[in-house]
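Asks: Listed below are the residues making up each chain.
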Amino acid sequence: MSTHDISLTVDGTTEELTVESRTLLVHALRDELGYTAPNVGCESGKCGACTVEMDGDAVKSCTVLAVQADDSDVTTAAGLAEGGLDPVQRAFHDEHGLQCGYCTPGMLATTHQLLDENPDPTRAEIRTALKGNVCRCTGYGNVVDAVETAAERLSDAESSAEPAGSEGERDQRAEPPRPEGED
Amino acid sequence: MFPAEFDYERAESVSEALEALERYADADVEILAGGHSLVPAMKTEGREPDVVVDLDVPALDAVNALDDRTVLGALTTYATIADSGAVRSTVPLVAEAASEVGDLQIRNRGTIGGNLAAAHPGADLPAAVLASDATILLRNRDGKREVPATDFFRGDGETAVEPGELLAGVRVPHADGGGFAYAKKTHPATGYAMVGVAAVVETDGGGDGDADRDAGGEGTVSSARVAATGAVDRAVRLPSVEDALVGDPLDSAPIDAAASEARADIDPERLRADASASAEFRGELLEAYVARALETAADRAAGDTPTA
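One line per chain: the protein sequences are Z and Y, in this order.
Just so we're aligned: 157 in numbering that gives the first Met the number 0 is position 158 of the first sequence, and the numbers increase by one with no gaps anywhere.
Just so we're aligned: 298 in numbering that gives the first Met the number 0 is position 299 of the second sequence, and the numbers increase by one with no gaps anywhere.
Errors might be hidden in some of the hints.
The calculated label-pair distances, taken between Cβ atoms and stated as ranges, are [unchecked claim]:
hint : chain 1 : residue 1 : chain 2 : residue 2 : range
1    : Y       : T149      : Z       : C99       : 41 to 51 angstroms
2    : Z       : S43       : Y       : E279      : 23 to 33 angstroms
3    : Y       : V245      : Z       : C99       : 53 to 63 angstroms
Rather than coming from a laboratory, the hints here were simulated on the basis of the structure.
Cβ coordinates follow ideal geometry from the N, Cα and C atoms, glycine included.
Make a model of the complete structure from these sequences and hints.
Replies: So this is what it looks like as structure tokens:
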């Protein structure tokens with residue numbers, strides 16, 4: 000058995016830790032570092048509850064060795080919030096896109112990648128993108144509503160933040176609207 | 000579920016990987032590419048290698064589209080293949096098959112090299128590389144070795160890769176006009192193909208397809224390559240279907256006749272069976288999905304907009 004010293008940036012914080020070769024990223028995040036947003040669900044790579052963003056891509060952290068994630072930038076669902084719920088989280092809240100909420104952190108991570116790449120997805124595209132996130136409460140209808148709502152709000156925020164005449168700046172994401180009273 | 004203990008080594012070049020394979024020649028070694036076949040197998044299927052050699056080789060994560068062929072490095076992810084404009088324009092069948100793999104998260108990490116080397120009997124890309132007449136590119140301590148896709152898949156998890164060898168990439172020739180399609184019946188639990196059919200059909204008839212059609216004429220099939228995954232223990236070509244297509248127009252009646260040959264090359268005893276589909280049902284699916292793939296290929300050959 001070999002152990003490895005790795006460095007990860009998780010939700011903006013640089014973390015140094017030593018992992019076994021066989022340590023899975025989800026266990027490094029939860030058990031070693033205390034980031035409990037990614038959940039352990041099926042453990043076979045099907046359910047998506049452990050999904051986090053790794054260097055901008057949604058990945059199933061139960062199917063990535065922690066040592067493979069050395070030097071990467073990981074964002075969990077908790078790291079999406081900035082002084083309050085982010086627009087995607089807010090939309091899941093408003094549309095009741097969750098029941099027990101166990102799958103929700105993974106749904107949020109996947110939704111972020113979807114909306115980064117496709118800001119105006121159809122309902123079919125939303126369903127396709129979330130294929131790898133299973134909800135045992137069968138709440139998919141509201142989840143799709145939530146992603147649609149998030150896409151609309153992000154699009155509105157972006158267009159209102161853009162000065163007239165400038166369009167097509169891909170990397171410019173508008174400041175998310177701050178929900179009142181949220182901590 | 001945790002994998003059993005193993006030693007891990009990262010290889011940052013092909014030569015480092017080959018050196019590691021040589022150094023561990025007496026051990027049970029696995030090569031890690033994207034990890035989306037190997038890691039689940041190590042968690043749930045009792046796969047317990049002594050050593051895992053992790054490929055972290057940027058040169059193998061590359062798409063090289065040339066005039067008549069496209070070379071995909073082994074570490075190219077499904078997502079890159081599915082989304083790459085170069086792949087979609089030069090070898091669209093491979094892009095279409097990659098877009099059908101698993102889900103978004105799996106496509107972000109899983110790689111074509113890992114997929115082909117793992118040789119799952121229901122994997123999507125083996126059918127696509129067979130129907131594309133691709134060549135698998137191997138590296139070993141003596142240099143390089145090339146294996147036609149038709150000789151590469153040997154069984155469930157078995158390939159032509161020999162000990163000490165590394166799958167470096169795949170070379171896919173560009174099709175010469177015509178149509179293509181990958182049609183898949185997805186296994187409801189695993190996401191692999193219960194049956195998947197890849198087809199590349201080239202037509203001629205004295206002009207390009209559009210002009211022919213506009214003139215009321217029809218191109219005839221000059222060559223066809225049709226491959227199936229999921230049906231038996233490996234991806235296979237279906238030569239009886241291919242032979243039935245050649246010389247006829249790519250229309251409904253000849254397609255139905257060709258699809259009816261789908262089981263001619265497959266020993267019924269070899270058809271896979273599981274809780275979702277009996278062997279007999281898989282045979283029925285095979286015929287139906289051959290027809291679907293060919294119908295889509297015909298639409299595309301006729302100039303309809305591909306939806307890949």
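Asks: Each hint: holds or not?
Replies: Evaluated hints:
In this structure the supplied range 41 to 51 angstroms holds for T149/Y paired with C99/Z, their Cβ-Cβ distance being about 50 angstroms. Hint check: S43/Z to E279/Y, Cβ distance near 28 angstroms, so the stated range 23 to 33 angstroms holds. Between V245/Y and C99/Z the beta carbon distance is about 57 angstroms. The supplied range of 53 to 63 angstroms therefore holds.
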